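Colleague: Here the protein sequences come in this chain order: A and B. Per my numbering, the very first residue in the first sequence carries number 176; after that it's consecutive. Per my numbering, the very first residue in the second sequence carries number 10; after that it's consecutive.
Any given hint could be a false lead.
Derived, one-sided and incomplete: chain B residues facing chain A with beta-carbon distance under 7 Å [claimed, not checked]:
hint, residue
1, Ile21
2, Ala25
3, Tyr92
4, Ile105
5, Ser114
6, Glu116
Quick list of in silico lysine-lysine cross-link-like pairs, DSSO-like style, CA-CA up to 30 Å [as the list claims (entries may be wrong)]:
hint, chain 1, residue 1, chain 2, residue 2
7, A, Lys334, B, Lys12
8, A, Lys270, B, Lys11
9, B, Lys12, A, Lys270
10, B, Lys11, A, Lys334
11, B, Lys13, A, Lys228
It should be emphasised that the hints constitute simulated quantities derived from the structure, not laboratory data. For clarity, every value in this text was computed on a predicted model and none was experimentally measured. Even for Gly, the Cβ is constructed at its ideal location relative to N, Cα and C.
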Amino acid sequence: MSKRIANIGLMTALAMIFSYVEAMLPINFGIPGVKIGIANLVVVSGVYILNIKDVWMISMIRIFLMGLLFGNGVSLIYSLSGGVLSLLVMMLLKKSGIFSIKGVSVAGAVSHNIGQLIAASVVIGNLSIFYYFPVLLIAGVVMGIIIGMLSGRILTGVKPEMNN
Amino acid sequence: MKKKDIILIGTILLIALISYLVIHFRSNNTGNIVIVSVSGEIYGKYPLNENRIIDVNENKGYNRIVINDGKVYMEEADCPDKYCVSQGKISKTGEIIVCLPHKLSVEIKNQSEATDEIDAVAK
Chain A
176 MSKRIANIGL MTALAMIFSY VEAMLPINFG IPGVKIGIAN LVVVSGVYIL NIKDVWMISM
236 IRIFLMGLLF GNGVSLIYSL SGGVLSLLVM MLLKKSGIFS IKGVSVAGAV SHNIGQLIAA
296 SVVIGNLSIF YYFPVLLIAG VVMGIIIGML SGRILTGVKP EMNN
Chain B
10 MKKKDIILIG TILLIALISY LVIHFRSNNT GNIVIVSVSG EIYGKYPLNE NRIIDVNENK
70 GYNRIVINDG KVYMEEADCP DKYCVSQGKI SKTGEIIVCL PHKLSVEIKN QSEATDEIDA
130 VAK
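Please put together the full structure from these sequences, using the hints given.
Modeller: Take a look at the structure:
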């Protein structure tokens, strides 16, 4: 039990550091919602090595804490809707066993962007924002492949350690 | 990468391509009216061919929208991420600049299309 709590705390801290590092990077794609999503390394590999309940905890705690520390009420809505949809999709696809970690990661990234887009269209009350739908899909695929490949690498190193 | 991963990625890219074509065939003409909305309510409508500066102070935030030479852009904003400023200049129907933290959108429409909408609301 205490090992489990320690793991959740550790992974949450790691995800928060990744979010923070990403916010520091002077990369701006000029499109709302397009970012690398380094914190998803933790979530994607978590889906493969941790209990799914723990992954939900890590993801939700990270989103709420980052929202409290650096965001405002509105930004929390976007990250929450993206995070929930993304994890839900990844959880189901991983369970189905159809795709490799790259496919799961791509589906997660794309659904994250779709979740945010839906939330944004509700918040600003304007469906015209779906103008960004194609570019958000492509961005999701690219970032999903990158995160999926890196997570695959992480798994080969971390999985044997976790079993000890 | 499994074959099914590639099928998944291909399908997503195909959907992206189709939706891109649909959006751009509908919106490739130059618009003539700029609609600024805050929280889903229209804040103001401005002709695209008249240069002007629009200062919006709503939702505890500040945005400066500039219409210049038939193009619209966000010159300044006090939102945390500044995505709205980096979205650049827009001039075509359907194009939109959004400032998510301030719930603000700036979109371009065609006069006839815009009046249709007003009629629909009036009914």
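Colleague: Given the hinted pair Lys11(B) and Lys334(A), is their alpha-carbon gap at most 30 Å?
Modeller: Holds, at about 21 Å.
Colleague: Verify the interface restraint on Ser114(B): the C-beta must sit less than 7 Å from at least one C-beta of chain A.
Modeller: Since the shortest Cβ distance to chain A is 5 Å, the answer is holds.
Colleague: Answer holds if the nearest beta-carbon of chain A is closer than 7 Å to that of Ala25(B); otherwise answer violated.
Modeller: holds (4 Å)
Colleague: Starting from Lys13(B), check that the Cα of Lys228(A) is at most 30 Å away, please.
Modeller: The hint holds at about 27 Å.
Colleague: Is Lys270(A) close enough to Lys11(B), meaning Cα to Cα at most 30 Å?
Modeller: holds (16 Å)
Colleague: Grab the minimum C-beta distance from Tyr92(B) to chain A and call the hint holds if it beats 7 Å, violated otherwise.
Modeller: Holds, about 5 Å.
Colleague: Answer holds if the nearest beta-carbon of chain A is closer than 7 Å to that of Ile105(B); otherwise answer violated.
Modeller: Cβ of Ile105(B) sits 5 Å from chain A, so the hint holds.
Colleague: Holds or violated: the hint that Glu116(B) contacts chain A, with Cβ atoms closer than 7 Å.
Modeller: holds (5 Å)
Colleague: Given Ile21(B) as an interface hint, is the shortest Cβ-Cβ distance to chain A below 7 Å?
Modeller: Constraint on Ile21(B) satisfied, holds at 5 Å.
Colleague: CA of Lys334(A) to CA of Lys12(B), is that 30 Å or under?
Modeller: Status holds; Cα separation ~24 Å.
Colleague: What's the verdict on Lys12(B) and Lys270(A), does the C-alpha distance respect the 30 Å limit or exceed it?
Modeller: holds (18 Å)
Comparing the model with each earlier hint shows no violations; every hint is respected.
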